[in-house]
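Going by my numbering, 43 is the number at position 43 of the sequence shown; the sequence numbering is gapless.
Please note that a few of the clues may not be correct.
[Stated by the list, open to error] Okay, the calculated beta carbon distance ranges per label pair:
| id | residue 1 | residue 2 | range |
| --- | --- | --- | --- |
| 1 | Q10 | P51 | 48 to 58 Å |
| 2 | K13 | G66 | 20 to 30 Å |
| 3 | A25 | K48 | 33 to 43 Å |
| 4 | H44 | A15 | 58 to 68 Å |
| 5 | H44 | E7 | 46 to 56 Å |
Just so you know, these hints were derived from the structure itself, not from any lab.
Every residue, glycine too, gets a C-beta built ideally from N, C-alpha and C.
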Amino acid sequence: MRATQDELVQAAKLAVVGQTMTTLAHEINQPLNALSMYLFTARHAVEKQQPEAATLALTKADGLIGRMDAIIRMLRQFTRRTEQDSPSQPVDLRQSLLAALGVAGPSPPTVAGGTAATGRCAKRVR
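Based on the sequences and whatever the hints tell you, model everything.
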């Protein structure tokens, strides 16, 4: 009975993965396209002898590589079979939430002064 239940859980996991392949392709393709642009920008900055601009573009590219790596690691972890005999381990909830938010996408844009943009319009002043 337990083995059948475990197989059903695994089948459900794989069905979810199958349904989300298009989304995953987008989630990986989007940073790949941005990565290409950052590398183009870095190459151009090097040619123009603008080391600060090149460093900034490469730093952003490195962040995108980290994001793609996190997406792939989470997918692998999700599809991995769980071992019933392995003991539960404590989880850092804050770290897990930050990782999930990182996969979900970039943080909201900020405006001058570091205030996060919320999508709400400010009241017009006349």
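Kindly confirm whether 46 to 56 Å is satisfied by the beta carbon distance between H44 and E7.
-> holds (54 Å)
Between K13 and G66, does the C-beta distance stay in 20 to 30 Å?
-> holds (25 Å)
Do the Cβ positions of H44 and A15 conform to the proposed distance bound of 58 to 68 Å?
-> violated (45 Å)
State, for the Cβ atoms of Q10 and P51, whether the hinted interval 48 to 58 Å holds or is violated.
-> With Cβ atoms ~51 Å apart, the hint holds.
Do the beta carbons of A25 and K48 sit within 33 to 43 Å of each other?
-> holds (34 Å)
Going through the hint list in order, the structure does not satisfy hint 4, though it satisfies all others.
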